[in-house]
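**Q** Taking the hints into account, I'd like the entire structure generated from these sequences.
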Amino acid sequence: MDLSSIRDDGLGSSAVRKARLEIRPSPGPHNALWYFPQLTGGYLRVARNAALIQLARYVPVIPLKRMIYRTLGARVGCHTSVALMVMFDIFYPQDVMIGDNSVIGYNTTILCHEVTRSEWRRGPVVIGCDVTIGANCTILPGVEIGDGATISAMSLVNRDVPAGAFVGGVPIQRIKN
513 MDLSSIRDDG LGSSAVRKAR LEIRPSPGPH NALWYFPQLT GGYLRVARNA ALIQLARYVP
573 VIPLKRMIYR TLGARVGCHT SVALMVMFDI FYPQDVMIGD NSVIGYNTTI LCHEVTRSEW
633 RRGPVVIGCD VTIGANCTIL PGVEIGDGAT ISAMSLVNRD VPAGAFVGGV PIQRIKN
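Positions 513 to 689 (our numbering) are the ones given, in order, by the sequence shown.
Hints may be right or wrong, so weigh each one.
So the derived label-pair ranges between C-beta atoms look like this [said to hold, decoys possible]:
id: 1; residue 1: W546; residue 2: L576; range: 20 to 26 angstroms
id: 2; residue 1: G553; residue 2: M599; range: 29 to 35 angstroms
id: 3; residue 1: P537; residue 2: P575; range: 37 to 43 angstroms
id: 4; residue 1: M579; residue 2: D659; range: 43 to 49 angstroms
id: 5; residue 1: D659; residue 2: I574; range: 17 to 23 angstroms
id: 6; residue 1: G585; residue 2: W546; range: 22 to 28 angstroms
id: 7; residue 1: M599; residue 2: V573; range: 30 to 36 angstroms
id: 8; residue 1: T644; residue 2: Q606; range: 19 to 25 angstroms
id: 9; residue 1: S526; residue 2: V571; range: 32 to 38 angstroms
Note that these hints are calculated values from the structure, not bench results. Idealized CB from N, CA, C, for every residue including glycine.
**A** Spelled out as structure tokens, the structure:
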């Protein structure tokens, strides 16, 4: 992570996250989500992704769950544990990268896209090695979480988290150095 993106609280700015996003205007007069088949590769691809991700959410066997995510193109490291009910992005699961020996807590959502009425935004989520993410977190597209970071439960990760940081809240703030 570029150190110039670090704010006074030690966290990356949301502007840096947004700069990583590919932004496309809505192809028509309606909100951008209405045109998702044009923007994501079609109905069948998204339906396949959604079905496999729903299956993975309920699978209690971690190696099988990792295999399903890898089939979708996500990069999930060795000895990484993805808890029950974790939701990967159904449009772009291939943009999720998780390092070795990390833990993603129950019911966490990892988004690689965001939609407004006028635009569609896409960006990868990079989670380092030895990261702990608590239950019920939401990680927005374009976020990078450094090695050894800890995210407390029920947090909104809307900007980068440096290696070793302990953060939490909505939106995230540094809890401890």
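**Q** Checking against the hints above, which ones are violated?
**A** Violated hints (numbers, rising): 1, 2, 4 and 7; every other hint is consistent with the structure.
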